[in-house]
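The residues making up each chain are set out below.
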Amino acid sequence: MKIKPYLTKYYSRYFVFLVLFFVNAGVYANVEQKADPKVELGISEYTNTGHDKVVAQKKLSKSTTDHSKLKQLEGPFFSGPEVTKACLECHTEAGHQFMENKHWTWDYKHPKTGQHLGKSVLINNFCTNARGNEGMCAQCHAGYNMTDSDFDFTKQENMDCLVCHESTGTYYKTPTTEGNKACSVMFKGKPAIEWDKVAQSVTMPSRNNCGKCHFYGGGGDNVKHGDLSSVLFDPPKDVDVHMSKEGGDFSCVTCHVGEGHEWAGSRYEMLVDDKVGTGKPGMPREAASCESCHSASPHPIDNVTGIKLNSHTDKVACETCHIPAIARGGVATEVDWDWRTMGKLKDGEGFKLKEYTQGDGHHRATYKSIKGSFTYAENLKPMYAWFDGTMNYTTIDTKFDPAKAPIDINSFSGSHDDPGSRIYPFKKMHTVQPYDKGNNILPYMSLWGDTEGALWGNYDFGKAIEEGMKKNGIPYSGEWGFIETNSYWPVNHMVAPKDDALECAECHAKDGRLSGLDGFYMPGTGNAKMLDMLGLIAVLGTLGGVLGHGAIRMIATRRRKNNA
Amino acid sequence: MPDTNTHTATHTKRIRVFKRFERLWHWSQMALIFTLIFTGFRVHDTHGLMSFSDAVTIHTWAAIILLIIWAFAVFWLFTTGQWRHYIPTGENFIKVARFYAFGIFQGEHHPYKKTYRRKHNPLQALTYLLVKIVIFPAIWISGIAYLLISFGLGSWLQGIGMDCMECIATVHTIAAIAIVIFVIAHVYLLTTGHSFREHVRPMITGYDDVELTDEELAYLRQNEPDAIKE
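Quick mapping for you: the protein sequence lines, in order, are chains A and B. Take the position in the first sequence, starting the count at 1, then add 2; the result is the number in our numbering. Take the position in the second sequence, starting the count at 1, then add 409; the result is the number in our numbering.
Hints were generated in silico from the structure; no laboratory data involved. Small disclaimer: the values here were computed from a predicted structure and weren't measured. Note that CB positions come from ideal geometry on N, CA and C, so glycine has one too. Worth double-checking, as some hints may not be accurate.
Stated by the list, open to error - A few chain A residues facing chain B, derived, Cβ under 7 Å:
| hint | residue |
| --- | --- |
| 1 | P525 |
| 2 | M532 |
| 3 | V548 |
| 4 | G550 |
As the list claims (entries may be wrong) - Simulated restraints, written as ranges between beta carbons of each label pair:
| hint | chain 1 | residue 1 | chain 2 | residue 2 | range |
| --- | --- | --- | --- | --- | --- |
| 5 | A | F252 | B | F430 | 55 to 61 Å |
| 6 | A | G260 | B | H456 | 37 to 43 Å |
| 7 | B | F560 | A | D251 | 33 to 39 Å |
| 8 | B | L599 | A | T280 | 15 to 21 Å |
| 9 | B | I593 | A | N564 | 26 to 32 Å |
| 10 | B | T601 | A | G422 | 48 to 54 Å |
To be verified - To list a few chain A residues with every Cβ distance to chain B over 12 Å, as calculated:
| hint | residue |
| --- | --- |
| 11 | C92 |
| 12 | A327 |
| 13 | T343 |
One chain only, chain A, in its complex shape (with noise of 0.2 Å):
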């Protein structure tokens, strides 16, 4: 076989892929337990987003195109925009549609609170900011060459139809720039990308697509949502009815419908009352909610417990019952990180160690020189409150008060007494991380680069927020400190069947799933103490006296007998 000249360079990473990929294998192939190791040196944040686990795409629509046959995708294309362009010589309106979309724009205005928010400029309580770290971010970023904070988004050609549209399973992003030394090495010697092949793919999106990104948020396999794993490539039925083939077979864009490259689903602003439901026949929903499909009274109505239960709906969001516990499935997700023990090295170098062997039997780090420490759950009920669909950030404009930490990244309002507010799950998530000490804000740190501050390869907190906070030009006291900090991640995927929907007395109980919450009342939680103590006094005073007035009269009609 002739191999063109601008392939041999990816064969040889090819190869040193496969190297890689066999010491480093056990992690991800379960053949291979027992090499996986406890601890491993090197920083690499390679995660493997499930390119095994490609599932062959069910037919999603009756399209009457084949894009493999189409002339302007025959190619040869040897880029990403190059493809993009012939995407665009058709598809005339794509380009301007998905210049508003989030995944293009990294940013988000808030219809309700005003806020700007986004990827672009947002704090979490994981790897903190995507800002100034785009040469790594910018993997999850639907874009080419997004190498820093001054992306020109008008650039239409830019824009990367393939990441959601491919069907392959063989395409891959990697960073936009080089990490640090310690770090860069691992995204090489991956195999290149066939562009001809992946162009001719096209298609609706499927679950491959989307969970590339989704399901690694955070920095690795279900970190970030808990509800959000590997597992849903190919799920059964137990931990998601909807995407199992056992049951829906779903791709996400089953439910996150929309159109002109827009569409529901939003955790920025979240729909938890749906009012309007499954709509008249044929009607088109652009919504995300259960009720779109399943209408806000779809429990059978020939019995009392699925009256009962519609009653609830105006209270309880569908996903508190329906979704027992998130991290199902084998696959576990982080609650707790700890950036205070970042920077430990063994011989010079950054490690990993990983202490935690989750369901499927994979290892997980507990800790990462480049990130600290982590602590795992799986199965783990979600925590509830009331919530009306809000968000609000603790932004890098937010000034607060560190006597109140734990600061929450984003919190949420909603009261039993708000009609719009639903009982709703989150996945909570605790981290220790470093903010400005003298100006009481979350600062943007350099993580990735080459650089002298990118915290990753440099491990010195002081200079990386100096760093990430001069990139962007925002003022840094000079001090830095720890704060405890809370993230909310409202749960709505890993819907169960609905044998394993919630049992009544999970909440109805004393100590039960909703004890946290107060306000209304709720039967079966002994919340009535004052009451009930009256009460029993009420009864056992009948008691006592019935029976006290029974003994008087036998030691009267005894003496009375013994008299006589």
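Since the structure of chain A is already known, use the hints to place chain B on it.
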């Protein structure tokens, strides 16, 4: 035996005091009230002897059936004139109260005899009246309100300012406790007087010894001959 009734009682006859409907009403009500107490206090988390959802289901059905029976009972009471038995009376009230407080210990006989017009003693009549006009209405008004919320009709209650779940539940619980107390006292009082069996028998067979005046006896012989056992 001192004759405590004011009118001249000349005959003690065994007649049918509790009609078939009344007996059916009493025993089905008993069974349903026991069911409701058991399941209701499960829902209230007083005990955990069955699942919460089963308790809710059984409680709801038992309540609906009892409501229907009550509807019939109210109709029956008013159409037959039997409601008159529950009109409070001061006559002999003190004597009966005194009997339970003292006389019963000294071997005295119950100062009250069933008459054709009064099958309950005055203390009993007052208690049943209070149960019928205070405790039962409290439990069924709160219960129906609760059911309406369960059936998704809570907005009806908002209109009349009765949608406070906690208030509804509190009234319902207090009434339930009152019913438990009533049941305890009611069962205990069956042991007083002649014997437990003698007290229960009339509610099963319908027949009990009743003091009849000449006129009443004549009336019964004329109009309801099978009501008298001779």
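Now the hints, each set against the structure:
1. Hint status for P525/A relative to chain B: holds, with the closest Cβ pair at about 5 Å, below 7 Å.
2. A least Cβ separation of about 10 Å between M532/A and chain B goes past the 7 Å threshold, and the interface hint is therefore violated.
3. Look at V548/A: its Cβ gets to within about 4 Å of chain B, closer than 7 Å, so that hint holds up.
4. Evaluation of the G550/A hint against chain B yields a violated restraint, the C-beta minimum of about 11 Å exceeding 7 Å.
5. The hinted range of 55 to 61 Å is satisfied by F252/A and F430/B, whose Cβ atoms lie roughly 59 Å apart.
6. Distance hint check for G260/A and H456/B: the Cβ-Cβ separation is about 51 Å, which falls outside the suggested range of 37 to 43 Å.
7. Distance hint check: the CB atoms of F560/B and D251/A are about 36 Å apart, consistent with the given range 33 to 39 Å.
8. About 58 Å separates the C-beta atoms of L599/B and T280/A, a value inconsistent with the hinted range of 15 to 21 Å.
9. Checked against the hint of 26 to 32 Å, the pair I593/B and N564/A passes, with Cβ atoms roughly 31 Å apart.
10. Checked against the given bound of 48 to 54 Å, the beta carbons of T601/B and G422/A, roughly 60 Å apart, lie outside it.
11. With a least beta-carbon separation of about 50 Å from chain B, C92/A lies farther than 12 Å from that chain, consistent with its non-interface assignment.
12. Once the 12 Å rule is applied to beta carbons, A327/A is consistent with being away from chain B; the minimum gap is 20 Å.
13. With 12 Å as the threshold on Cβ separation, the claim that T343/A sits away from chain B holds: the shortest Cβ distance comes to roughly 44 Å.
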